[in-house]
Structures are given as C-alpha cells and as structure tokens.
Amino acid sequence: MKNKYFILAILLLQSSLINTVFCQNSATNSGGQVVSVQPKIMVIPYTKEGEDLRTVLENDENKRIAIAKIKEGFDSRGFTTVDFVAKLKAAKDNNVFTSDNQTDIKSQIIQMSGADVYVQAEVIVEKGQSGNSVKLILTAYEASTGNSLSNKVGESGKFYTEDFNKLASKAVESCVEDFLNIMQIKFTDIVNNGKSVIIDISFDAGSQYKMSSEIGSDGLPLSDQIEMWMEKNAFKNNYHIQGTTDLKMIFDDVKIPLKDQATGNNYNPNKFALELFKFFKGLGLQPGKDVKGSTIYITIK
Amino acid sequence: MKKLNKISSLVIVTLLLITTGCSMKTLPTAEVNYLSGKDGTITMRAIGIGTNQEDAIIDAERNAFNVIFFRGLPESEQKIALIGTNETEEKEKNKDYFNKFYKDKRYKTFVMSSIPTSDLTKHKGGKKSIAIDVKINLVALRKDLEQNNIIRKFGF
Chain U
1 MKNKYFILAI LLLQSSLINT VFCQNSATNS GGQVVSVQPK IMVIPYTKEG
51 EDLRTVLEND ENKRIAIAKI KEGFDSRGFT TVDFVAKLKA AKDNNVFTSD
101 NQTDIKSQII QMSGADVYVQ AEVIVEKGQS GNSVKLILTA YEASTGNSLS
151 NKVGESGKFY TEDFNKLASK AVESCVEDFL NIMQIKFTDI VNNGKSVIID
201 ISFDAGSQYK MSSEIGSDGL PLSDQIEMWM EKNAFKNNYH IQGTTDLKMI
251 FDDVKIPLKD QATGNNYNPN KFALELFKFF KGLGLQPGKD VKGSTIYITI
301 K
Chain R
1 MKKLNKISSL VIVTLLLITT GCSMKTLPTA EVNYLSGKDG TITMRAIGIG
51 TNQEDAIIDA ERNAFNVIFF RGLPESEQKI ALIGTNETEE KEKNKDYFNK
101 FYKDKRYKTF VMSSIPTSDL TKHKGGKKSI AIDVKINLVA LRKDLEQNNI
151 IRKFGF
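Going down the list, the sequences are from chains U and R.
Heads up: the first sequence begins at 1 in my numbering, then just goes up one per residue.
Heads up: the second sequence begins at 1 in my numbering, then just goes up one per residue.
Same shape as in the complex, but just chain R (with noise of 0.2 angstroms):
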C-alpha cells in the first residue's frame, strides 16, 4: 500500500512538472516592428496573444501603442519614448487618462486601420496570437497627451 502511494505521488509530481513545463513555452514575445510612417501617421506591425481574434488583435493595438509612450521604435520618426521610458511610475501617475484609454479603448479614435496579416495561430495552453498592420495618427495622439497634460508642449 505504501509503495502504490510513492507511485501514485511520483507520477503526479511528474504530470505537474510536464503541465507547468508545456504551458510556459512556445508563446510569442509580443513585437512591434515599424513599417512606415508619412506626414504624422505611423505604420506599425504588431503581434498580439489572447483567447480568441478580437482579443488577439485587441492586445496587438495596445502593444503598438505601449511601444510609441514607453519605448521609442528605431527606424521610426518616434524614436525615443513619447512619454517616457518609467511606464510604471507614468501609468500611475495618469491613471485616469490610461484607464480611459484602454479599458474605455479610447485608443481606437487614434487607430486609422488595423488589418491583420495572419491567420490566428494557435499555442499550446489555449493562447493564440496574430500579427496586425496598425496605423496610427501621431500628430493626434501627441496633441491628446499635450492637452490632457501627459506630455509637456514644445517649448519651455
């Protein structure tokens, strides 16, 4: 009886580490890499992971947007961070405006297009992710952060 219970506790402990294993692998970083940008618009190609496509596409606009205010894209006009490189300490500064932003998708007055460009890949652990075109309005999104005081104006 007590060798069936060493057993029985092994294979547990060796199904648990096989499951905590397979569900922390395989999922895609979520990337923002810039495409173009003309006259204060920015074309960027972001993936994004949820439980179904509109939520996949849903975290893909916000990763775009989190990489414009807190990171900068290289090869873009907006190369250093809009609003800063601390997004902890900014998002908790101006909890309001992000929680109206994203949670309220005030975001989406900024989006000129969102076209996916893949199919929704399925992962192992029930995620799946898509790769977006997302086009934004700059010029907009600044002068919103200017007036809403997130972001100093030009000048002194």
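Bound conformation, chain U alone (with noise of 0.2 angstroms):
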C-alpha cells in the first residue's frame, strides 16, 4: 500500500516537472496565434572580382542611392530587410573576416547575417555624347540553394544632365515593383508548394556502413530507404537528388512545409531534420545532425 503512494507521488512530480518544461510562460503564451516567420532579405552592392565589398559602397555614392531606393521598395510593401551596411560594420567589429579573398568576404557576410534571400544590385553608368544614363540589374536569390527568385533589369532613360543619383534613383523606380511583384509570385510559390532545403547524408570516418549496406528489417540498401523516407515525407512528395555514391547522398533540393501540418505551427529545417534523425535511430544507425541555415548535414557513425 505504502509503495502504491510513493509511485503515484512520483507520477505526480514527474508530471509537474514535465509541465514546468514544456509549458508555454504565460507571458509569452499568445493563445495559440501563429505568425508566419517571415524571410530575412538583405540588398546588396555587386562586386567584380578584387573589388573590396567593404568599400565598394563607400566610394560609390550611386550605389548608395540604388540600394537605399530598393530598401525603400521594400519598405513601402510593409517588408523590413537587414541592413547591409550595419550587417558589415558589425562584421568589421566582430572581426569576422579571415581572408582577404572578397568573394569570400561576400558569402561570410550573408552567412554572418542570416539572410535567407539576398538582392544584389549592381549599377551601371553610362556616359555619352546623347546624353547621361544608368543601368541597373537587379537579382533576387535564395541564400540556401542559389535558386533565382527575381531579375530585372531597370534604365534611367538618357538625360544630359551630371545627376547620377537622381538618375540611379530613376533607373531603381522603373523596375522596383515589377521586380518585388514577382518576388512575391516565388513567396506565394513557397508558401503553396513548402520551402527548399539541402541535405547531405554521409558516413563518419570510422562508419562500417556504406550506402549499400544492407539494413533495416526488410533488408534493403541504406540509400533506397532514405529515399523510401523521402517520398513519403518530403513536402508534396517534392525532392531531388543531386548523387549518390557508396559514401555520401546528396539531395539538392527538398521541399519542407513552412506550416506543421498538423498544428499549424511554423516549421523549419531543425524540425525536418530532427524527423530524419530519428528515421535513422529507427534502423539502428547512429546518426549525428548538423544545421547550418537550410542546409542539413547527416552524419552516421
């Protein structure tokens, strides 16, 4: 009898603790409203190659102009971006670059911001005897994948005038909305058909498994349950595979909801990945994950 108390007193506690981890505080609890996270878009200079991005804006003040007018496009569309020159000062302090390599310099900054798009806008001036012009191209990527979500090209028109900001200024305003609309047309895209994310399957050094090896209680190659697994639980049955080899599977592309299905919640790559992690634990591997923006690395011992 005396023991009957001390299991449900344990029961008890166990319950409370469980309740005091999980529960949401209730000065955070929103009472179950779900706002969609929205994408980090960050505009950027174009660079050739050897231009130091860090003072590319500096020394061009057209630059300047372009994309504070982009921002602004942004801005009208109730959309804030991540601020590029904030981002690189931040980046200076931090003392985040360790090459002198600017492309390099270029990929750290968008990895250091946490952008999940970025617009790269590159100005061109163009001097003549019909007259002064500036021409801009302007490109929408996904950080994660390099996928194109955007391009468009804008033209001040020629004037005979030495104003190459007004001018920049024109050639931003002659392309801007058309350029965010079809922006929008890819978000709408993602938020219908779920969002990219990379996956890179591969063996620990000391691994006794390959991806012919065979496994699970039907017996099959490792490679075709993972892809077995991916069909039914890739977003619309949406994926694409890069490779594989005996040692490593590469899928380039696999859509993942933006929403839980389920609870209408917002998920992300962690989520998807914590799903094949213990997709692996369930045939018996020892499967370690790494996340880094949308890409999941699977690594099994």
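Since the hints were made in silico from the structure, they are not lab data.
It is possible that part of the hints are untrue.
Estimated spans, in silico, between C-beta atoms of each pair [claimed, not checked]:
| hint | chain 1 | residue 1 | chain 2 | residue 2 | range |
| --- | --- | --- | --- | --- | --- |
| 1 | U | Gly31 | R | Thr117 | 48 to 58 angstroms |
| 2 | R | Asn86 | U | Ser36 | 35 to 45 angstroms |
| 3 | U | Asn29 | R | Gly84 | 33 to 43 angstroms |
| 4 | R | Asn99 | U | Asp60 | 50 to 60 angstroms |
Some chain U residues judged to face chain R by a derived CB distance under 8 angstroms, without partners named [stated by the list, open to error]:
| hint | residue |
| --- | --- |
| 5 | Gly31 |
| 6 | Ser36 |
| 7 | Ser76 |
| 8 | Arg77 |
| 9 | Gly78 |
| 10 | Asp178 |
| 11 | Gln184 |
| 12 | Phe187 |
| 13 | Thr188 |
| 14 | Ile190 |
| 15 | Asn192 |
| 16 | Leu258 |
| 17 | Gln261 |
Computed from a predicted model, the values in this text were never measured in an experiment.
Note that beta-carbon positions come from the ideal geometry of N, C-alpha and C, so glycine has one too.
Grab the two chains, each in its own frame, and use the hints to assemble them into the complex.
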C-alpha cells in the first residue's frame, strides 16, 4: 500500500516537472496565435572580382542611393530588410573576415547575417554624347539553394545631366515594383509548395556502414531506405537527388512546408532534421545532425 | 389566304434577323490602356459603355479596376494581375468585398481622378460609350486588398 502511494507521488512530481519544462510561459502565451516567420532579406551591391566589398559602397554614392531606393521599395510593401551596412560594420567589429578573398567576404556576410534571400544590385553608369544614363541589374537569390527569385533590368533613360544620383534613383523606380511583384509570386509558390532545403548524408570516417549496406527489417540498401523515407516525407512528394555514391547521398532540393501541417505552427529545417534523425535511429544507426541555414548535414557513425 | 400568311411570316423572320444582327455589332470593346505611372499611382485610358454618360463612366472605371485586378497592364509597374487571373473564382471567394467595392462604389475611394477624354458616342442598340483617363492610387488599393485578406502581404 505504502509502495502504491510512493509511485503515485513520483508520477505526480514527474508530470508537474514536465509541465514546468514544456508549458508555455504565461508571459509569452499568445493563445495559439501563429505568425509566419518571414524570410530575412538583405540588399547588397554587386562586386567584381577583386573589388573590396567593404569600400565599394563608401566610394560609390550611386550604389548607396540605388540600395537605399531598393530598400525603400521593400519598406513600401511593409517589409523590413536586413541592413547591409550595419551588418558590414558588425562584421568588421567582430573581426568576422578571416580571408583577403573578397568573394569569401561576401559569402561570410551573407552567412553571418542569417539572410534567407539576398538581392544583388549592379549599378552601371553610362556617359555619352547623346546624354548620360544609369542601368541597374537587380537579382534576388535564395541564399541556401542559390535559386533565382527575381531578375530585372532598370534604366533611367538618357538625360543631359551629370546628376547620376537622380539617374540611379530613376533606374530603380523603373523596375523595383515589377521586381517585388515577381518575388512575391515566388514567395506565394513557396507558401503553397514548400521551401527548399539541402540534405547532405555522409558517413563518419570510422563508420562500418555504406550506402549499399543492407539495413532495416526488410534488408534494403540504405540509399533506397533513405529515398523511400524522402518520398513519404518531402512536402508534396517534391525532392531531387543530386547524386548518390557509396559514401554520400545529396538531396539538392527537398521541399518542406512553412507550417506544420498537423499543428499549424511554424516549421523549419531543424524540425525536418529531427524527423530524419529519428528515421536513422529507427534503422538502428547512430546519426549526427547539423543544421546550417537551410542545409541539413547527417553523419552516420 | 395561305399565301398571305406565308409571306407575312417570311417578312417577320427577315425583320427579326435584321434587328438581331444590328443589335449585336458595332459596340466597342472595353479597352483599357496604360498611360503613365509614378510613385504608387497608375493612369489608364478606359472605355466604358452605358445608357447615359454616368453609367458609361462607371463602366469605364470598373473596367480599369478589373484589368488591374485580374489581367495586369503591360508597360505599367503592374504587369501581372494584382489578385489573380481567374476572376470568377476570386469574385466568388470574396463576394462581400467585391459587392462593397463595386455595388457600394467603394472603388471610388481609390480613384484619384477620372476625366472624360471623348464625347459620349451613340451606338446602334441605344448604347453609348465614353473614353476616360482614370488615375488610381495603387499603393492604397494594394494595402486595402492585403488588409482584407484578398491578397497576401509581401513575404511568406
């Protein structure tokens, strides 16, 4: 009898502990309201090979004006962008740059900012006898996959003026709304058909397994087990295999939903990585997982 | 007597064919063309049809909004449809909004100017048409559609 009370007390204690750990804090409880996590967008200047990204903006006011005008376009749609100059300054302060290679610096800033989408603006100044003009090439990419989201070329038109700031402004105005409209179409497609993640599955140096290892209760090769799982779990059965070798399997585009289809909460690559982790555990493997932006790395020990 | 009946029915049929043929032709199409656009506004030239000038102007304004909503206007900053290309489905989905928008003339709040550029032209069948230059506050219109959940806000 005494034993019974003791077990009951333990169970009560355990349930109260679980409640304390997993229950939502009353200070942050929104009553089940879910707001979609918005993509982080950063507008950066285009740099040629060897150009210093750190000084390119400081030296060229036309680029600064173009970037400010593009950001203005996003603001007018009620969307806040990540400020490139502030990130650049923070990166400098934190000594993020470890290499002299400018391309690396660009990648490092994009990575450090956590931007999901970056918009690259190339400003071309053209001087001629029939007037001066500014051309603008705008391109938006998904940072993780490199998928192109929108491309537009803007032109100021030719004017007999030396006011290139105004021409840069005109070039942005000529295309920014169209550019944003196309981006929004792509965003709608992501909302409906899921966002892309990259999945890289490899083996630890000391692992006894290979992609051809027959595994699980049905004894199928590991690569086929993985593909069968992906077939069931990729959003709307949408996935693409870049390649499979005995030591590696790369999915260069797997769609995951933006919202958990069961709970309606926000869904992210980390949650998908956890499902993948559980799948490998279920096969009796010892996986390690790493998530960097929208790329999931699975290493089988 | 029989012959007279035959002739009269032939005359009636011929008359009917002539009147039907007349009433079906010559009405102009509801054309909407881009004129200019700056800082979140768009100016279009639209043709409207009605029984009088007021009706024709209302029809022209509605045509302008319909093109922006469901077709998009080439050469403008709104090249693609603001809402979608399937207008029947979209109007059915958001019946209340469109009822208020058109029937209660809420659309007028987004019209910045509406200036007739032609005289009222009479057509066969009693219909009249007019061309107007209509300027629309596109930024406010987009915001209104977003707030009423007709279109999604920028982003996810």
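We went through each hint and held it up to the structure:
| no. | hint | verdict |
| --- | --- | --- |
| 1 | U/Gly31 to R/Thr117: 48 to 58 angstroms | holds (54 angstroms) |
| 2 | R/Asn86 to U/Ser36: 35 to 45 angstroms | violated (24 angstroms) |
| 3 | U/Asn29 to R/Gly84: 33 to 43 angstroms | holds (37 angstroms) |
| 4 | R/Asn99 to U/Asp60: 50 to 60 angstroms | holds (52 angstroms) |
| 5 | Gly31 | violated (20 angstroms) |
| 6 | Ser36 | holds (5 angstroms) |
| 7 | Ser76 | holds (7 angstroms) |
| 8 | Arg77 | holds (4 angstroms) |
| 9 | Gly78 | holds (6 angstroms) |
| 10 | Asp178 | holds (6 angstroms) |
| 11 | Gln184 | holds (6 angstroms) |
| 12 | Phe187 | holds (6 angstroms) |
| 13 | Thr188 | holds (6 angstroms) |
| 14 | Ile190 | holds (7 angstroms) |
| 15 | Asn192 | violated (10 angstroms) |
| 16 | Leu258 | holds (6 angstroms) |
| 17 | Gln261 | violated (15 angstroms) |
Checked against the numbered hints given earlier, this structure breaks hints 2, 5, 15 and 17; the rest are met.
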